[in-house]
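Each chain, written out:
Number of protein chains: 2
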Amino acid sequence: MVKRPKPLSVLIERLNKLPGIGERSAQRIAYHILKTPEKDAEKLSRAIMEVKEKVIHCSLCYNLTDQDPCQLCQDPSRDKGTVCVIEEPGDIYSIEKAAGFKGLYHVLMGALSPLDGIGPEQLRIEPLVERVKEGGVKEVIVATNPTLSGEATAMYLLKVLKPLGVKMTRIAHGLPVGGNLEFADEVTLARSFQGRQEL
Amino acid sequence: MVKRPKPLSVLIERLNKLPGIGERSAQRIAYHILKTPEKDAEKLSRAIMEVKEKVIHCSLCYNLTDQDPCQLCQDPSRDKGTVCVIEEPGDIYSIEKAAGFKGLYHVLMGALSPLDGIGPEQLRIEPLVERVKEGGVKEVIVATNPTLSGEATAMYLLKVLKPLGVKMTRIAHGLPVGGNLEFADEVTLARSFQGRQEL
Numbered sequence: 098m099v100k101r102p103k104p105l106s107v108l109i110e111r112l113n114k115l116p117g118i119g120e121r122s123a124q125r126i127a128y129h130i131l132k133t134p135e136k137d138a139e140k141l142s143r144a145i146m147e148v149k150e151k152v153i154h155c156s157l158c159y160n161l162t163d164q165d166p167c168q169l170c171q172d173p174s175r176d177k178g179t180v181c182v183i184e185e186p187g188d189i190y191s192i193e194k195a196a197g198f199k200g201l202y203h204v205l206m207g208a209l210s211p212l213d214g215i216g217p218e219q220l221r222i223e224p225l226v227e228r229v230k231e232g233g234v235k236e237v238i239v240a241t242n243p244t245l246s247g248e249a250t251a252m253y254l255l256k257v258l259k260p261l262g263v264k265m266t267r268i269a270h271g272l273p274v275g276g277n278l279e280f281a282d283e284v285t286l287a288r289s290f291q292g293r294q295e296l
Numbered sequence: 098m099v100k101r102p103k104p105l106s107v108l109i110e111r112l113n114k115l116p117g118i119g120e121r122s123a124q125r126i127a128y129h130i131l132k133t134p135e136k137d138a139e140k141l142s143r144a145i146m147e148v149k150e151k152v153i154h155c156s157l158c159y160n161l162t163d164q165d166p167c168q169l170c171q172d173p174s175r176d177k178g179t180v181c182v183i184e185e186p187g188d189i190y191s192i193e194k195a196a197g198f199k200g201l202y203h204v205l206m207g208a209l210s211p212l213d214g215i216g217p218e219q220l221r222i223e224p225l226v227e228r229v230k231e232g233g234v235k236e237v238i239v240a241t242n243p244t245l246s247g248e249a250t251a252m253y254l255l256k257v258l259k260p261l262g263v264k265m266t267r268i269a270h271g272l273p274v275g276g277n278l279e280f281a282d283e284v285t286l287a288r289s290f291q292g293r294q295e296l
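Here the protein sequences come in this chain order: A and B.
Numbering of the first sequence is given in our numbering, commencing with residue 98 and proceeding in unit increments.
Numbering of the second sequence is given in our numbering, commencing with residue 98 and proceeding in unit increments.
Possibly wrong hints are sitting among the right ones.
Repeated chains share a single entry, so a pair holds when one copy, or any two copies, can fit it.
Result set (DSS-like, lysine-lysine): computed pairs, CA atoms no more than 27 Å apart in a straight line [as the list claims (entries may be wrong)]:
(1) Lys149 to Lys136
(2) Lys114 to Lys140
(3) Lys194 to Lys100
(4) Lys114 to Lys194
(5) Lys140 to Lys235
In short, the hints are calculated from the structure, not lab data.
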């Protein structure tokens, strides 16, 4: 059996591990990299390492950032009284593009999912409780995904935060239930912010 | 406008340049790399550079290889009297998987396409003529793609090689015309080898 040169099959195998990249796509990308100027391949290779070295989590809101605190937490024009709670850092960009929200964020880094071993301790819930306890937060908007685990997380947050006397709201189910915040269109997402209900 | 951390947006931009990777896929892959253990990201990063550093073209057949001559040209069990001419190095693996072909290969590195500025000088046609002139080659199987430029290339090869007294064959049009050799299924590809016609 004729084999591909080792470095080529190693690259195909590595690309194949990325999400949404099948065997065929991995081959196509590997051959593309082979043909591409060395300088461009180097830039891609370096970009992969730099993202691992330089991108960290904001110590206040757990957003992805290359400075701490992040750009959002440092921005004096943002309303520090409103905190929007989301599951993943990427959700911030969806909301910023769509919802006209001017407060701060808090990234949980996931949602409750006992079957996968994700309880409250695996999420950034304790730091959120601390943020609220410190005072200054008037409203917590829970913008976890409208999925089973997103809803469960919202209920859990209501239980631990409501006794602290903060106003708690949930973005409206303008989003199709069972869907994923990341894939919501901008209008639906904006409407779900307008129609938010007190928990 | 809130921006992603610079290293993250650089990585997304770089991934977006790869074939078949849109903006959404690039984002998904970049976030995946962020979450992946540092060791795995490093392996991917290194695999990209190694493929550029270590993979070369065989000086005899222009196949991709990390040794020169390549594994195929060095194999004493292959029939040196039959040379299969293909457009791209990747075509070798398709043929090896499917066609039961036991000769050697010659990679043209493309096909004639005057509108794109690709004439005979841009392809590895001259070295093929030399291989045939040196003697020992009894049959040249032209397995360029069944596309306009693949057919034009086949006709051109017939013109320059036939006068040298070598038998020339073309793989049969078992492949759907207008298609691409890379995507042919194995049975179709095997049948096109069996039904090859003298040019």
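Hints, verified against the model:
1. Lys149 to Lys136: both (20 Å within a copy, 10 Å between copies)
2. Lys114 to Lys140: both (20 Å within a copy, 12 Å between copies)
3. Lys194 to Lys100: Result: close only across copies, 10 Å inter versus 47 Å intra.
4. Lys114 to Lys194: Answer is between; shortest inter-copy Cα gap is 23 Å, intra-copy 30 Å.
5. Lys140 to Lys235: neither (45 Å within a copy, 46 Å between copies)
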